[in-house]
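Chains A and B, in that order, give the protein sequences. Using my numbering, the first residue of the first sequence is number 1, and each one after it goes up by one. Using my numbering, the first residue of the second sequence is number 1, and each one after it goes up by one.
Simulated from the structure, these hints should not be mistaken for laboratory data. Mixed in with the good hints there might be a few duds.
[Unchecked claim] Heads up, simulated BS3-like pairs for lysine-lysine below, C-alpha to C-alpha not over 30 Å straight-line:
hint, chain 1, residue 1, chain 2, residue 2
1, A, K40, B, K105
2, B, K105, B, K93
3, A, K40, B, K93
[Claimed, not checked] Pulled from the structure, derived: some chain A residues nowhere near chain B, Cβ distances all over 12 Å:
hint, residue
4, R20
5, R21
6, Q28
7, E31
8, A34
9, R72
10, V129
Beta carbons: idealized from backbone N, C-alpha and C, even for Gly.
Residues per chain are reported as follows:
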Amino acid sequence: MTVSAELELQAFVLLRLGERRFAVPANQIAELVAPSRVFKFPHRTAQIEGVILRRGRIVPVCDVAESLTGRRVTSRRLYLLAVRHYGAQTEWVALPVTGECELINAEMSAAAESDAPHVAGWLSHAGDVIEVLNIDAITPGPGEIPAEVETTHLLEARP
Amino acid sequence: MRVAAAAKPAPARSEQIIVFRICGELFAVSSASVQEVRSTDSFSGASTEISVAGLRKVRHVVRRGERSLFIVSGALHFDLPPAPGTLVFVLRKTRTALLVDGIEKMTAMTRLQSLPKSFCHEERLWYRGLTAVDQTVIPVVNPEGFLSPEELALLDASMPTLENRSDEDAEGTVSAS
Numbered sequence: 001m002t003v004s005a006e007l008e009l010q011a012f013v014l015l016r017l018g019e020r021r022f023a024v025p026a027n028q029i030a031e032l033v034a035p036s037r038v039f040k041f042p043h044r045t046a047q048i049e050g051v052i053l054r055r056g057r058i059v060p061v062c063d064v065a066e067s068l069t070g071r072r073v074t075s076r077r078l079y080l081l082a083v084r085h086y087g088a089q090t091e092w093v094a095l096p097v098t099g100e101c102e103l104i105n106a107e108m109s110a111a112a113e114s115d116a117p118h119v120a121g122w123l124s125h126a127g128d129v130i131e132v133l134n135i136d137a138i139t140p141g142p143g144e145i146p147a148e149v150e151t152t153h154l155l156e157a158r159p
Numbered sequence: 001m002r003v004a005a006a007a008k009p010a011p012a013r014s015e016q017i018i019v020f021r022i023c024g025e026l027f028a029v030s031s032a033s034v035q036e037v038r039s040t041d042s043f044s045g046a047s048t049e050i051s052v053a054g055l056r057k058v059r060h061v062v063r064r065g066e067r068s069l070f071i072v073s074g075a076l077h078f079d080l081p082p083a084p085g086t087l088v089f090v091l092r093k094t095r096t097a098l099l100v101d102g103i104e105k106m107t108a109m110t111r112l113q114s115l116p117k118s119f120c121h122e123e124r125l126w127y128r129g130l131t132a133v134d135q136t137v138i139p140v141v142n143p144e145g146f147l148s149p150e151e152l153a154l155l156d157a158s159m160p161t162l163e164n165r166s167d168e169d170a171e172g173t174v175s176a177s
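Using the sequences and the accompanying hints, generate a full structural model.
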């Protein structure tokens with residue numbers, strides 16, 4: 001392998017949701033943790049199931065399986081704590097996965113314009129073509145806040 | 001030679017909170033935000049029933065001098081199954097009295113984590129943030145998040161009718177049903 005080819009390899013975490021596998025760039029994964037108690041309380045963000053406590057942090061649990069595979073995950077083996085960007089800020093978000101995760105090095109092909117917003121790119125591994133997920137696009141964020149709600153929140157934040 | 005006294009670590013700042021229940025769900029509110037805690041029985045004689053289209057969560061209003069205090073069902077506000085409620089929290093600096101099922105405990109929180117940005121709908125107005133009490137995560141409610149300015153305007157618009165009804169009533173109040 002040449003040096004230039006090596007430079008194009010990137011580390012990815014492969015995760016399983018039901019029958020399908022997806023990839024997330026390894027530099028966007030904070031931790032892989034065993035399922036723990038999910039604390040639920042009333043809210044209106046449908047994708048968020050609740051929150052978990054991890055090392056003193058309160059981390060939202062976001063079930064992305066339904067939007068990716070059409071089915072919610074019923075049995076979960078792990079939570080992938082992914083880094084979600086909100087402008088310059090980052091927060092962890094816990095993604096339930098149904099199987100073991102695997103760390104691989106692969107070369108990513110860029111997503112095409114016709115690909116869904118949640119597709120950051122594609123990679124080929126063990127005979128499969130696997131979607132690389134764009135965590136920012138697949139998890140909810142302030143972009144979904146209705147204008148009037150955002151305004152009120154900003155006003156409240158004033159000193 | 002004088003030896004400088006070792007700097008004492010600053011005590012952790014804490015905030016007194018009331019942990020309360022609505023339909024089995026736990027919430028917290030800053031004690032400083034609660035002006036009064038009353039039983040629903042003690043309020044029923046002074047409240048007037050109201051019905052505003054699209055605002056099922058407010059069924060009663062209490063007149064306090066020049067002010068109207070709207071009694072908000074916590075259950076309906078949070079989309080929980082309707083519950084009668086046994087206590088009313090009169091929330092300071094608001095026109096809201098919150099109907100809850102009961103008080104779980106009074107305690108102190110030392111850390112309030114802002115609501116993760118993944119929560120991106122009305123809950124951002126409902127809650128000041130989240131706190132952990134005895135290894136349980138509890139949302140801390142925003143006293144100003146129960147009635148929006150638009151909802152208050154709707155309720156105010158229904159008030160002249162109520163005032164007329166109060167004029168008809170010798171005591172100026174109607175018992176809540």
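Hint-by-hint comparison with the structure:
Of the pairs offered as hints, the one joining A:K40 and B:K105 holds, with about 19 Å between alpha carbons and a cut-off of 30 Å not exceeded. Only pairs whose Cα atoms come within 30 Å are accepted, and B:K105 paired with B:K93 is accepted, the gap being roughly 23 Å. A C-alpha spacing of about 29 Å is found between A:K40 and B:K93, which places the hinted pair at or below 30 Å, so the restraint holds. Residue placement check: A:R20 keeps its beta carbon more than 12 Å from all beta carbons of chain B (closest about 23 Å).
The Cβ of A:R21 sits about 24 Å from the closest Cβ of chain B, beyond the 12 Å cut-off, so the non-interface label holds. Distance check for A:Q28 against chain B: the nearest CB is about 15 Å away, which clears 12 Å, and the non-interface claim stands. Distance check for A:E31 against chain B: the nearest CB is about 16 Å away, which clears 12 Å, and the non-interface claim stands. In this structure A:A34 is separated from chain B by more than 12 Å, as the shortest Cβ-Cβ distance comes to about 16 Å.
Separation of A:R72 from chain B is adequate, the least Cβ-Cβ distance of about 17 Å exceeding the 12 Å criterion. With a cut of 12 Å on Cβ distances, A:V129 stays outside the contact zone with chain B, its closest approach being about 29 Å.
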